[in-house]
Structures are given as structure tokens and as C-alpha cells.
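Residue numbers (this note's numbering), protein chains in the order written: chain A, 1 to 148; chain B, 1 to 87.
Accuracy of the hints is not assured; some may be wrong.
[Said to hold, decoys possible] Result set (DSBU-like, lysine-lysine): computed pairs, CA atoms no more than 30 Å apart in a straight line:
(1) B/35 / A/112
(2) B/26 / A/112
(3) B/26 / A/4
(4) A/112 / A/100
(5) B/26 / A/9
(6) B/35 / A/9
(7) A/100 / A/9
(8) A/112 / A/4
(9) B/35 / A/4
(10) A/100 / B/35
(11) A/9 / A/112
If you're looking for bench data, these hints aren't it; they were derived computationally from the structure.
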Amino acid sequence: MNWKAVLTKPVIAELIDARHLAPWLGGFAAVQIGLIALGLPGWPCPLMTVTGHACPGCGLTRAAVALLRGQWQTALTLHAFAPIFLALSLAIGLSWLLPKAHRSQLIDAVAKLESRTGLTAILFIIFLLYWLIRLLAFPASLAALTYR
Amino acid sequence: MGMIFSLLAMACGIGSLICLILVLIKLFPAEGPVKGVLGIICGIYTFVWGWQNADRFNLRQIMQIWTVVFIGSIVFNFLSAYFMASS
């Protein structure tokens, strides 16, 4: 396998480009954030429900809600990737509303950035390392994410 | 009552996890490892991707089951929390 090609493959640009996918993703994310913001149970993480252990993305929705409320410290304590997650969600959601020419420019720019730097793959690797460090070194921080 | 709903929510969670894994098995080779990891991190992406590619990868039945347990897990979690709080 050509790992360089795999790691520099534009992923976010493809997500922005997939017009049929963006509104569904944006809609689901908005509903999930809305439910959590109202204090209602959203879609529970299947891994957490079954094993009791947090998955890499556990806490992201609650962190995003805290971020939208301006509670930076709470957001970063729940999940350090909340600002990136929220920015990407907004970018994917809002790009759907952009005129075609501007969308194409945005997609080109993001694709170039991803393929030159491998930024998305690097972020994913850091994301997984962050989860592993929390899981092994700070299990209490992840246990606090349990609903019950 | 809350306990029953809690157990039902857990059953839906197990169903959800199984469906997630079954869809991830198709997603990884089709989209590559980076999007595969995205699918693990973000279940919503895997869910939407599964429906978008249900016919292409013969996932329609799995996606129908996943949708039922997905809605079930939200409803049962809500009912469980409601009855636990009121008791």
C-alpha cells in the first residue's frame, strides 16, 4: 500500500464536495447538538453503551455545546478537539449553501492543503493518540463522560 | 420500569454496535483507512454513508435494522432517564 497517497488523500475536500452527503451530516449533527443542548439524551455511543468505555469521539457533542455557550474551559476539558470538530461541521454544513463557484474554490483550496500537508491524517493520528493517552493515563476523565 | 427501559436501551446499543461494525467492514475498503477512521470516530458519518451506499454494497437490510435500533436507543434512553428521575 502506498501510505503517502493514503495519508495525503483529500478527505475533508471530498466531504465538502459530496453535496448529497453534507445536508444529511449537517442535519444529524444539528439534531444531536440540539438534543444535548436541551438536556435530552441524544444518540448514545454504541461502544460506550456496550462496553462502558469511551470511544475516541465520546464527549465531542457535549464539548461542542459547551463551546457554543462560550464555556471554553468546559469544552476543552470534555474534548480538546471540540473547536476543530465544530469548525469542520460548520464548514461542511455552510459550504452546502455557498454558490457553485465559491464552493469549487473552497474545495480546491482544502484539497491542495490536505494533499500537500497530509493535515487530515495527522489530525486523525493525534486524535487517536489523544484518546489512547486519556484512556490509559487519565481514565477518570473518560469515566466522567458516562451518562449514567 | 426505568430498569426495563435501560435494558432495552442497552439491547439497542448492542444492535447499533453490530450494525456499525458491519457497515465499517464495507466502508474501510471502499473509502480507505482515513475515512474508515472517520467512520469509527463519527458514527453519524458511517450511518449516513451506509444509507447513501445501501444498494451498492447490499446494506439495505442492515441499515433498516440500524435505523430501528438507532431510534430505539434514543427513545429508550429518554424513557429510562425519565422513569429513573421520577422514581
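Holds or violated: residue 112 of chain A to residue 100 of chain A, with C-alpha atoms at most 30 Å apart: 18 Å, holds
Distance restraint between residue 35 of chain B and residue 112 of chain A, which requires alpha-carbon spacing of 30 Å or less: Holds: residue 35 of chain B and residue 112 of chain A sit about 18 Å apart, inside 30 Å.
Would the hint linking residue 26 of chain B and residue 4 of chain A be met if the CA-CA limit is 30 Å? Status holds; Cα separation ~23 Å.
Pair hint outcome, residue 9 of chain A versus residue 112 of chain A [Cα-Cα no greater than 30 Å]: Given pair residue 9 of chain A, residue 112 of chain A holds - Cα atoms ~10 Å apart, limit 30 Å.
Between the alpha carbons of residue 35 of chain B and residue 4 of chain A, is the straight-line distance 30 Å or under? Satisfied, since the Cα-Cα distance of roughly 15 Å is no more than 30 Å.
Please verify whether residue 26 of chain B and residue 9 of chain A have alpha carbons no more than 30 Å apart. Distance of about 19 Å is within 30 Å: holds.
For the pair we were handed, residue 100 of chain A and residue 35 of chain B, check the Cα-Cα distance against 30 Å. 25 Å, holds
Given pair status - residue 112 of chain A, residue 26 of chain B, alpha carbons within 30 Å: Given pair residue 26 of chain B, residue 112 of chain A holds - Cα atoms ~28 Å apart, limit 30 Å.
Does residue 4 of chain A lie within 30 Å of residue 112 of chain A when you go C-alpha to C-alpha? Holds: residue 112 of chain A and residue 4 of chain A sit about 15 Å apart, inside 30 Å.
Between residue 100 of chain A and residue 9 of chain A, is the straight-line Cα distance small enough, at 30 Å or below? Measuring from Cα to Cα gives roughly 23 Å; hence the hint holds.
Can you confirm whether the C-alpha distance between residue 35 of chain B and residue 9 of chain A stays at or below 30 Å? 10 Å, holds
This entry satisfies every hint, going by the numbered hints stated previously.
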